Each structure stands twice: as structure tokens, then as C-alpha cells.
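2 protein chains.
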Amino acid sequence: MTTEPRRPCPFLATALAVLACAAAGHAEPVAWRSMGDVLAASADADWRDIEPRNLLYLELDRGTVVMELAPQFAPRHIANLRRLVAAGHFSPAAIARSQDNYVVQWSGAGPLGDAEERLAPEFFRSAQGLTFTGLASRDAYAPEVGFVDGFPAARTAADGSAWLAHCYGMLGAGRDTAADSGNAGELYVVTGHAPRHLDRNVTLLGRVIDGIEHLSTLPRGGGPLGFYEQASERVPIRRLRFGTDYDAGWQALRTESPTFAALVESRRYRNEDWFVDPAGAIGLCNVPLKVRRVD
Amino acid sequence: MTTEPRRPCPFLATALAVLACAAAGHAEPVAWRSMGDVLAASADADWRDIEPRNLLYLELDRGTVVMELAPQFAPRHIANLRRLVAAGHFSPAAIARSQDNYVVQWSGAGPLGDAEERLAPEFFRSAQGLTFTGLASRDAYAPEVGFVDGFPAARTAADGSAWLAHCYGMLGAGRDTAADSGNAGELYVVTGHAPRHLDRNVTLLGRVIDGIEHLSTLPRGGGPLGFYEQASERVPIRRLRFGTDYDAGWQALRTESPTFAALVESRRYRNEDWFVDPAGAIGLCNVPLKVRRVD
Numbered sequence: 000m001t002t003e004p005r006r007p008c009p010f011l012a013t014a015l016a017v018l019a020c021a022a023a024g025h026a027e028p029v030a031w032r033s034m035g036d037v038l039a040a041s042a043d044a045d046w047r048d049i050e051p052r053n054l055l056y057l058e059l060d061r062g063t064v065v066m067e068l069a070p071q072f073a074p075r076h077i078a079n080l081r082r083l084v085a086a087g088h089f090s091p092a093a094i095a096r097s098q099d100n101y102v103v104q105w106s107g108a109g110p111l112g113d114a115e116e117r118l119a120p121e122f123f124r125s126a127q128g129l130t131f132t133g134l135a136s137r138d139a140y141a142p143e144v145g146f147v148d149g150f151p152a153a154r155t156a157a158d159g160s161a162w163l164a165h166c167y168g169m170l171g172a173g174r175d176t177a178a179d180s181g182n183a184g185e186l187y188v189v190t191g192h193a194p195r196h197l198d199r200n201v202t203l204l205g206r207v208i209d210g211i212e213h214l215s216t217l218p219r220g221g222g223p224l225g226f227y228e229q230a231s232e233r234v235p236i237r238r239l240r241f242g243t244d245y246d247a248g249w250q251a252l253r254t255e256s257p258t259f260a261a262l263v264e265s266r267r268y269r270n271e272d273w274f275v276d277p278a279g280a281i282g283l284c285n286v287p288l289k290v291r292r293v294d
Numbered sequence: 000m001t002t003e004p005r006r007p008c009p010f011l012a013t014a015l016a017v018l019a020c021a022a023a024g025h026a027e028p029v030a031w032r033s034m035g036d037v038l039a040a041s042a043d044a045d046w047r048d049i050e051p052r053n054l055l056y057l058e059l060d061r062g063t064v065v066m067e068l069a070p071q072f073a074p075r076h077i078a079n080l081r082r083l084v085a086a087g088h089f090s091p092a093a094i095a096r097s098q099d100n101y102v103v104q105w106s107g108a109g110p111l112g113d114a115e116e117r118l119a120p121e122f123f124r125s126a127q128g129l130t131f132t133g134l135a136s137r138d139a140y141a142p143e144v145g146f147v148d149g150f151p152a153a154r155t156a157a158d159g160s161a162w163l164a165h166c167y168g169m170l171g172a173g174r175d176t177a178a179d180s181g182n183a184g185e186l187y188v189v190t191g192h193a194p195r196h197l198d199r200n201v202t203l204l205g206r207v208i209d210g211i212e213h214l215s216t217l218p219r220g221g222g223p224l225g226f227y228e229q230a231s232e233r234v235p236i237r238r239l240r241f242g243t244d245y246d247a248g249w250q251a252l253r254t255e256s257p258t259f260a261a262l263v264e265s266r267r268y269r270n271e272d273w274f275v276d277p278a279g280a281i282g283l284c285n286v287p288l289k290v291r292r293v294d
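First to last, the sequence lines map onto chains A and B. The first sequence begins at 0 in numbering that gives the first Met the number 0 and counts up by one. The second sequence begins at 0 in numbering that gives the first Met the number 0 and counts up by one.
Since the hints were derived computationally from the structure, they do not count as laboratory data. Predicted model, so just to flag it, every value in this text is computed and none were measured. Treat the hints with care, as some may be off.
[Unchecked claim] Only some residues are given here: those of chain B computed to face chain A with a beta carbon under 7 Å:
#1 TRP31
#2 TYR167
#3 ALA178
#4 ASP272
#5 ALA278
By construction, the Cβ of each residue, glycine as well, lies at the ideal position given by its N, Cα and C atoms.
Same shape as in the complex, but just chain A (with noise of 0.2 Å):
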């Protein structure tokens, strides 16, 4: 495999980037490095201990589902959340829709203890105070993309505002058609491609960092909407803690490090010798965002 890209320097989205393609002179092209290499030469001072308050265990009869909660977006939901699990709120729970090339979605009926039963939407908030690692790509729905603390994210300089964007595996709170009828005691996670049409209109609090097949493959429900038409159909939900309550740990490589910036080139520019023609380029919600697991 040759180590030289055809194109070099072929899209100067990152700092980093940018000072390999200058220190070349522009003139020698930059050694292309596989994502495995990258991640392999990775110091541990690019990665961050996810705290365990904020892992989130689906626990189901098939596998468990962890997932890692975004409380920067979404504070309220996730402080909710939590009132509500301590209230055995989803106690019994269970997965009542599956639609396919769309969401997996679950719910509670147990008790809300002293949680609210509606909540003040968090579609998006002020883009202050966040470390948002731009993306330098072309995207559908909004001006800006990149990535806040390990998620996908966008913002706007038209108000300042900033969210979460509906990749694959992000964890949602499902609301009615009051903005406020959402209280995380209805979850969905995205297992198709990126809904972004649903982005500003509902609440994002984290996403699925592993075990998210045991929610793709779930059968498809054939109801509207992917409901599950049958009670027997549901896919009962043994648990659903947090990581406190777990031995193992998890980290996430920080997106604003340098280890992150090369990954993304190494995977906008696919220089393995099965490529042909590499696209140079590279979407939001096709990026890998990659943890690991300390035990």
C-alpha cells in the first residue's frame, strides 16, 4: 500500500492539517496513516474518562445497550431522568417501536416519583461556553457541523445557537406535539440513517457508544410508525441504570484533540489500496466517534 495520497492536502479542514501541509511546503504530499494507526499512536491524554453518572445501561433480555448522556445539551432531561429511574419510573419498561431505517423507541410505566411529567424543551441552546471542533464539510441542514465533547453537533451565527445532530445512535426524548410534552420517560435512539429533519425539534441528551445492535436488529414493528402491534411483541426492558452503579469503565477519545483531527483526515481521505477514488471528503454522522473500555 502506497503511503502517499494522490491528493494531498485535499480539504484544509483542521489546524492540524493545515500546519503538515505547510511544514511539507505544500510540495511533498503528507503520509496518509490508517484510522487503526492513528487511533494506535493515540496518547492517553486524548482521551476523557466518561463519568460514570453519565453512562446510561439499557439492560435487555438480548444484550445491553450503553449509552453516554450529553447534560451540557440537555441539563433538564437528564436531571429528570434521573428522578426518574430513581422512582422505579421504568419499572416495568419496555421497547414498542421498531421502524425501520428510523428510531427504536421505549418507555416507562412505573411511577414518577418527584419528576415532571413535562418538561421545557432543550432543542438547542447558546453555542457560549462549548468547545465545538469544526468539521469543514458541506452539510444539508446546517451552516456548521462538527463535534462538542464527543457528539455531532451544529451551530449558527444567525442566533448563536447551537445542538445535537440526529446521527445514528443518538438518544432522544420522545415528545407528543406540545414542545413540553417530553420528560425523558419516553426514549428513542436513532438506528437508520440520519434523521435531520428532527434536529431543533426534539430534545437529544446523549448517544449509544456501544451494544447499539441489539436495538437495530430488533424486529421491525407493523404498526404505523413501526409500533409494535401486539403486548407480546414488546421487547421488555430487564433495567435501565447508570454507570454508577457498574464496575467498567468507559472513555472517549476527545474530539477537539489531535488524535481526533488526524482520524478525521485519515477517514476523509481513504488512501487503503481498495480505494479508487477517494472522496476527499467526509459527513457528519459518517465519522467515527470512538471510545474505549477500562475495566
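Mind docking chain B on chain A? Use the hints.
Showing chain B alone in chain A's frame:
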């Protein structure tokens, strides 16, 4: 539900929309119609019969997947596929790979007959002679995206080429490292977020029009790239046949029709009550490509 969009003429994507807005003097909002209403008002002329010879049926124990082939983009691969089917190449055949958020892949192990073992690639073609309906949407991967004969596609003025796009449900011909190593004896379907970096690197020859859930819900393979590790995990294929062997017919909504243009606008600007902030935008792989069964 109001029929007045909050942002009239948000994205003047189609001649229809331009005319509608012009007719309204840009003062009165165009009445918004749901996709269901748009389709219910469609004329028979908006639909085309899919030629039975361009329908491909993949029969599994769990159900049948129906695909439409695109000979205008991959004539050699489709001609070779006909020879392979005639030779019994897919007896036996099995699904050997299911990679989460990516593809399901199968291949035949029967004789080649008079089919070619290798084929010159059909990664793209000249845009000349194609009816290309532009989407007017920003796209991360291509300068211009739209639709050709019901398939998601892209084109560039740089070299006058056009190609099919790797959206959810697209059917491709697997290959090894050599560009000419595919022959349609190994086929894959996209079952995750559009892997558009594959565009122009592999031959696409059609798309699933019905039954994709029989592929998308398959257990994921535990080996590298989602290959099943045990032969017993492979999913046997009962039969792979063309529509000429079946009585049922299918029609596809003409993507060059005014009804399709109205459908795109209906989806670009989602004015259902539920939406608080309709995007006024739509990505190539988020546009529904409608078909209907005619018995």
C-alpha cells in the same frame, strides 16, 4: 393544522416551486400539503411501470426482498447477473456478512456458466442522456445531487460524469482490491447511514424497493467487517430471480414528475403540527422514493 408554512418558498428547488411562488407573487404562502396528500393527488402518468426484467427478488426464509435494477448505470453488471442467475450461480447462495450501520452481503457458490469472472467497473458514467432532477441541497460528497429514474444520484460538471449514490437500501456489486474484480456474483445492500465514501469506488446496480427489513434486522456478524464467524450463522438464500418469474408488478413514482417535485417540497418543509422548526432543507438520502404494487 395550519396549511400556511411559516417560511413560504424556503428553498426554490424546483421549477414547480418557483412557479408556484411566482404565481403567488411571493406574498401569499403556498399551501403546504402532506406527503400523503401529494401522493393521493398523483396522476397515473406520474408513475412508471418497472420492467419485470429489472426487478430482482431475493427470497429468504424470513421473507422476500424486492429490488429494482438500474441498467442505465450498470449495464455490464446487470447483463452478467442475468447470466449468473441463468447458470445457477446462486444455487447455493448465502448471506455471509451483516455489519451494523453498513451493509449486508451475499454471494453465490454455483457455476459461472457463460458469465464473466471479472468485469470492467461501472463506478460512474457520462451524465449525457440521463434525465437528472436536481435536489438543490448541499451535499458533503458531491457538487450536485438529485435523482435519475427513481434512483439517488450525483453528477459533476468537472468531467461530465454521473453516478448512483450509496443511500440506505442501495444494491452494489462487491469487489476485491482490483477495480475489475467484481462480477455481480457477490452483492450487498446498504443497511445503515449512507456510506457515501463508497460512491465512485464500487458499482451500484439498483436499490431495494420492498422488504429491506428482512436484511436490516439480520444478526450482525461477529467477525471483522461483520462477516459471520460460523458457517451455521450464514443465512441461506432460497432463490434469486427476476421479475419475469413473478405475477406481481411494481410502479415507481417518476422522479421527473411534478408530483415528485411536490413530494420533495413537502418533505423539505415539514409543516405537520409536530414540527416546531421545520428544516427547510433535505438531504439526498432522506428523500422518500415511492413505489406501489400493482397486481
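Hint by hint, here is what the structure shows:
{"no.": "1", "hint": "TRP31", "in the structure": "violated (14 Å)"}
{"no.": "2", "hint": "TYR167", "in the structure": "holds (5 Å)"}
{"no.": "3", "hint": "ALA178", "in the structure": "holds (5 Å)"}
{"no.": "4", "hint": "ASP272", "in the structure": "holds (5 Å)"}
{"no.": "5", "hint": "ALA278", "in the structure": "holds (5 Å)"}
Hint compliance for this structure: hint 1 is the single one not met.
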